[in-house]
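Engineer: Given next are the chains, with one letter for each unit.
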Amino acid sequence: MRDKIISFGFVVFISGFSLLGLFSKDQDISFLERRKLVTVDTLEEDFLNNFDDYVVDQFYNRNSFLKLNSFYERNILKNKEYNNVYLIDNIIYEKEYPLNIKSVNSFIKKMNTVKDKYFPNQNVYYSIIPSKSYYLDSKKYLTIDYQTLEKMCQNINGNYIDLMNNFNISDYYQTDIHLKQESWLKAIPTLAKKIGFNYYPITYQKNVYYPFYGASYSKAMEVNILDELVYLTNELQEDVIVKHLENSHNKLYNILKLGGIDSYDVFLNGASSFIEITNKNSNMNRELIIFRDSFASSLAPLLIPYYDKITLIDLRYINFQVLENYLNLNNQQDVLFLYSSMVINNSSTIKVN
Amino acid sequence: MVFSSITFIYYFLPIVIISYFLTPKKYRNYILLIFSLFFYTYGEKYYLILLFFSCFFNYIIGLLISNNQKKSWLILGIIINLGLLAYFKYVNFFIDNFNNLFNLNINTLNIVLPLGISFFTFQNISYLVDVYRKEISCQKNVFLYLTYITFFPQLIAGPIVRYKDINKELVNRQESYSLFREGVNRFLIGLGKKVLLANVLYEMCSSLQMVSSSVILYWLLALAYTFQIYFDFSGYSDMAIGLGKMFGFNFLENFNYPLIATSVTDFWRRWHISLSSFFRDYVYITLGGNRVTFLKMLRNILIVWFLTGFWHGASWNFILWGLYFFFFLLIEKLFLLKHLKNKFFSWLYTFVVVMVGFIIFNTTNLNELWLILRKMFGYQTVFINMETIYYLKNYLIILIISLLGMTSLLKKIMLNLKKGKYKMIVSSLEIISYLIILVFVTASLISNSFNPFIYFRF
Numbered sequence: 001m002r003d004k005i006i007s008f009g010f011v012v013f014i015s016g017f018s019l020l021g022l023f024s025k026d027q028d029i030s031f032l033e034r035r036k037l038v039t040v041d042t043l044e045e046d047f048l049n050n051f052d053d054y055v056v057d058q059f060y061n062r063n064s065f066l067k068l069n070s071f072y073e074r075n076i077l078k079n080k081e082y083n084n085v086y087l088i089d090n091i092i093y094e095k096e097y098p099l100n101i102k103s104v105n106s107f108i109k110k111m112n113t114v115k116d117k118y119f120p121n122q123n124v125y126y127s128i129i130p131s132k133s134y135y136l137d138s139k140k141y142l143t144i145d146y147q148t149l150e151k152m153c154q155n156i157n158g159n160y161i162d163l164m165n166n167f168n169i170s171d172y173y174q175t176d177i178h179l180k181q182e183s184w185l186k187a188i189p190t191l192a193k194k195i196g197f198n199y200y201p202i203t204y205q206k207n208v209y210y211p212f213y214g215a216s217y218s219k220a221m222e223v224n225i226l227d228e229l230v231y232l233t234n235e236l237q238e239d240v241i242v243k244h245l246e247n248s249h250n251k252l253y254n255i256l257k258l259g260g261i262d263s264y265d266v267f268l269n270g271a272s273s274f275i276e277i278t279n280k281n282s283n284m285n286r287e288l289i290i291f292r293d294s295f296a297s298s299l300a301p302l303l304i305p306y307y308d309k310i311t312l313i314d315l316r317y318i319n320f321q322v323l324e325n326y327l328n329l330n331n332q333q334d335v336l337f338l339y340s341s342m343v344i345n346n347s348s349t350i351k352v353n
Numbered sequence: 354m355v356f357s358s359i360t361f362i363y364y365f366l367p368i369v370i371i372s373y374f375l376t377p378k379k380y381r382n383y384i385l386l387i388f389s390l391f392f393y394t395y396g397e398k399y400y401l402i403l404l405f406f407s408c409f410f411n412y413i414i415g416l417l418i419s420n421n422q423k424k425s426w427l428i429l430g431i432i433i434n435l436g437l438l439a440y441f442k443y444v445n446f447f448i449d450n451f452n453n454l455f456n457l458n459i460n461t462l463n464i465v466l467p468l469g470i471s472f473f474t475f476q477n478i479s480y481l482v483d484v485y486r487k488e489i490s491c492q493k494n495v496f497l498y499l500t501y502i503t504f505f506p507q508l509i510a511g512p513i514v515r516y517k518d519i520n521k522e523l524v525n526r527q528e529s530y531s532l533f534r535e536g537v538n539r540f541l542i543g544l545g546k547k548v549l550l551a552n553v554l555y556e557m558c559s560s561l562q563m564v565s566s567s568v569i570l571y572w573l574l575a576l577a578y579t580f581q582i583y584f585d586f587s588g589y590s591d592m593a594i595g596l597g598k599m600f601g602f603n604f605l606e607n608f609n610y611p612l613i614a615t616s617v618t619d620f621w622r623r624w625h626i627s628l629s630s631f632f633r634d635y636v637y638i639t640l641g642g643n644r645v646t647f648l649k650m651l652r653n654i655l656i657v658w659f660l661t662g663f664w665h666g667a668s669w670n671f672i673l674w675g676l677y678f679f680f681f682l683l684i685e686k687l688f689l690l691k692h693l694k695n696k697f698f699s700w701l702y703t704f705v706v707v708m709v710g711f712i713i714f715n716t717t718n719l720n721e722l723w724l725i726l727r728k729m730f731g732y733q734t735v736f737i738n739m740e741t742i743y744y745l746k747n748y749l750i751i752l753i754i755s756l757l758g759m760t761s762l763l764k765k766i767m768l769n770l771k772k773g774k775y776k777m778i779v780s781s782l783e784i785i786s787y788l789i790i791l792v793f794v795t796a797s798l799i800s801n802s803f804n805p806f807i808y809f810r811f
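Residue numbers (this note's numbering), protein chains in the order written: chain F, 1 to 353; chain Y, 354 to 811.
Calculated from the structure, these hints are not laboratory results.
Stretch by stretch, here's where chain Y covers chain F in the computed footprint (C-beta under 8 Å, at least three residues):
#1 2 to 12
#2 17 to 29
#3 48 to 60
#4 72 to 85
Simulated crosslink set (DSSO-like; lysine-lysine; CA at most 27 Å straight-line):
#5 Y/LYS746 - F/LYS140
#6 Y/LYS765 - F/LYS4
#7 F/LYS151 - F/LYS115
#8 Y/LYS746 - F/LYS67
#9 F/LYS4 - Y/LYS379
#10 F/LYS280 - F/LYS257
#11 F/LYS67 - F/LYS140
#12 F/LYS280 - F/LYS309
#13 F/LYS151 - F/LYS193
#14 Y/LYS746 - F/LYS95
#15 F/LYS78 - Y/LYS764
#16 F/LYS78 - F/LYS67
#17 Y/LYS774 - F/LYS4
#18 F/LYS4 - Y/LYS771
#19 Y/LYS772 - F/LYS4
#20 Y/LYS424 - Y/LYS487
#21 Y/LYS746 - F/LYS80
#22 F/LYS117 - F/LYS151
#23 Y/LYS379 - Y/LYS521
#24 F/LYS186 - F/LYS206
#25 F/LYS139 - F/LYS80
#26 Y/LYS776 - F/LYS4
Don't be surprised by glycine CBs; every beta carbon is placed ideally from N, CA and C.
All chains, full assembly: derive it from the sequences and hints.
Structural biologist: Below is the structure:
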């Protein structure tokens with residue numbers, strides 16, 4: 001009898017889950033993993049190649065299984081890292097290790113190539129935004145050697161702006177790799193002092209989006225962290241025109257992105273190769289060009305009161321050779337290379353050759 | 354299609370089981386054949402025709418041998434089987450080595466290794482030899498022969514099931530709830546070994562290979578890789594044996610706790626038994642075994658271990674791996690075996706030899722291999738560093754579980770408990786633990802962890 005029950009139980013269990021998966025409505029997006037899921041229409045394209053992905057993506061109660069696996073690795077196997085992230089005191093740290101010397105050298109070479117081509121006779125500034133792992137205890141967790149990174153980057157032909165000491169771990173989102181926008185307010189005086197623009201404090205209205213699930217949240221699969229995202233607005237920003245190379249969005253913030261796959265895209269509408277932000281009513285005769293990654297998306301809206309125009313260039317999405325078609329250079333612009341240590345350590349994505 | 358996939362566990366398997374048991378007994382082999390061919394096609398669209406050719410060819414040669422007992426048919430059969438294997442698996446290896454040796458520039462061929470060719474080639478050869486030796490009668494029903502070769506539990510990565518071991522079950526077998534339940538348990542144990550242990554150990558090996566080295570780190574890597582390959586391959590064999598039982602077949606065991614062996618000789622009696630017994634029965638004994646002069650016996654052992662290494666892959670590290678074991682088997686045969694008295698030290702010696710062996714197995718670049726081997730013994734390497742301590746702590750639990758899993762301790766405890774007065778409770782807990790394994794395996798597979806089987810590449 002026992003054998004019969006187990007035999008039938010097994011078959012009912014496995015066939016039951018397959019039927020539940022097949023007859024449940026397909027989910028298009030996994031918010032937990034921040035990605036699109038494979039849906040049934042892909043089977044029409046190539047059944048044999050897509051079926052595996054389809055049944056995995058549309059497995060019944062998929063999110064519970066994802067969390068269970070995280071539980072297995074983190075709580076049973078006691079792995080400190082899961083999916084390349086550490087979870088410590090409700091803060092998710094992306095593991096950044098080891099220091100990729102080749103990548104750092106390549107990054108330096110790329111920045112110098114950009115400077116030599118477009119700004120041969122100008123002062124340029126550069127700064128490194130440490131990733132959250134900078135604040136980890138290096139005796140307990142694997143982190144890159146930031147001192148070595150900083151020292152190596154001194155080979156960039158520019159003036160270094162040290163922002164590392166402006167921040168602490170609470171300046172970052174708990175569930176995302178990025179700095180909070182309000183944290184940039186602490187760093188702007190340092191930038192102003194070094195670059196030389198005229199700094200004055202500005203009051204902003206805080207707009208809170210809650211709960212915010214950042215990019216790292218999907219890797220940690222941890223449900224108990226309730227993060228929030230604040231974006232800062234004021235009246236000045238209403239006179240700002242934003243022009244993207246790829247799309248027609250013309251505001252500093254796109255609140256429709258809140259609650260989407262990546263809520264951080266609220267800042268400047270997410271990833272974009274080339275953006276011009278023009279301060280309509282300003283006549284300071286001062287422009288800024290930032291070569292950047294996604295960290296600068298939340299900074300730029302806070303710098304616009306100090307400039308007539310800010311140009312943001314993300315060389316991961318545009319080749320530096322074609323920039324001359326879009327850049328209006330006058331040898332007067334302030335130029336800032338602002339990159340996170342994560343991009344410097346994985347610089348193959350930067351399109352400079 | 355791999356066993357440890359959502360597609361196999363939740364879609365393919367229930368459909369096969371339900372179709373199989375709803376079909377009248379006399380047609381059940383056709384169900385197995387149809388689904389086995391689908392199983393093969395799912396992973397290997399292009400070589401189904403090769404599989405068919407191989408089966409039909411060996412079926413006909415089997416009939417011819419049976420009819421007139423001519424050795425020439427057997428030789429032809431072996432040549433064609435090995436020829437196919439040589440072409441698909443080794444031709445580029447030979448071209449590369451020819452180019453290097455004679456400074457030539459012959460282009461390598463664009464060949465994809467057909468899934469399971471190393472396994473079904475050996476099954477076919479064993480069938481032909483056994484028919485020739487009159488140990489079995491040839492199979493006259495082509496569909497049955499096709500079912501034997503293509504039966505999905507053992508088609509792609511073994512074990513190398515011999516026809517003479519299942520020919521009776523192929524024609525007349527007794528499925529039962531008891532055997533089915535046994536099969537389910539065995540399948541789930543294999544699944545757990547593969548997904549919950551081997552895949553995590555793979556992650557560990559990948560992490561260790563990326564960080565700066567220390568002596569301890571290299572030994573840790575060797576240990577993790579030994580565990581990984583053991584749980585990966587023995588897990589696959591468990592699943593194959595379990596699936597066989599679900600459909601009424603009893604395959605022979607392929608692993609018998611090899612990592613507790615107390616000599617290299619003992620290790621090879623416990624590791625990949627179907628392969629080592631194939632070489633013993635069809636190569637070693639054919640060459641005269643040990644009933645020959647000492648020098649000839651030496652030659653026979655050398656041939657067997659050269660072939661064992663080469664079977665695993667068309668690369669010099671595999672040949673070296675085979676010869677490495679030849680060396681230890683030889684010194685054990687000559688004098689060492691009789692000195693291996695202390696169980697712990699014998700085990701330790703064997704385990705270290707096996708671990709170093711798997712480093713050879715895993716490193717295709719010989720320069721890199723030489724560097725790793727030297728570093729394992731302290732050449733220009735610190736003894737221990739921060740990264741090593743970090744990874745040792747991080748993967749300590751999985752290493753402890755692996756250490757336990759390589760022994761028969763848990764199995765013995767369960768058997769003893771089942772005999773005691775709490776046997777009902779123990780049995781219930783056993784069922785729950787199998788269910789937990791299935792649920793955790795599902796969770797891991799959905800999380801897209803690393804999954805391919807190491808032995809698929811052979």
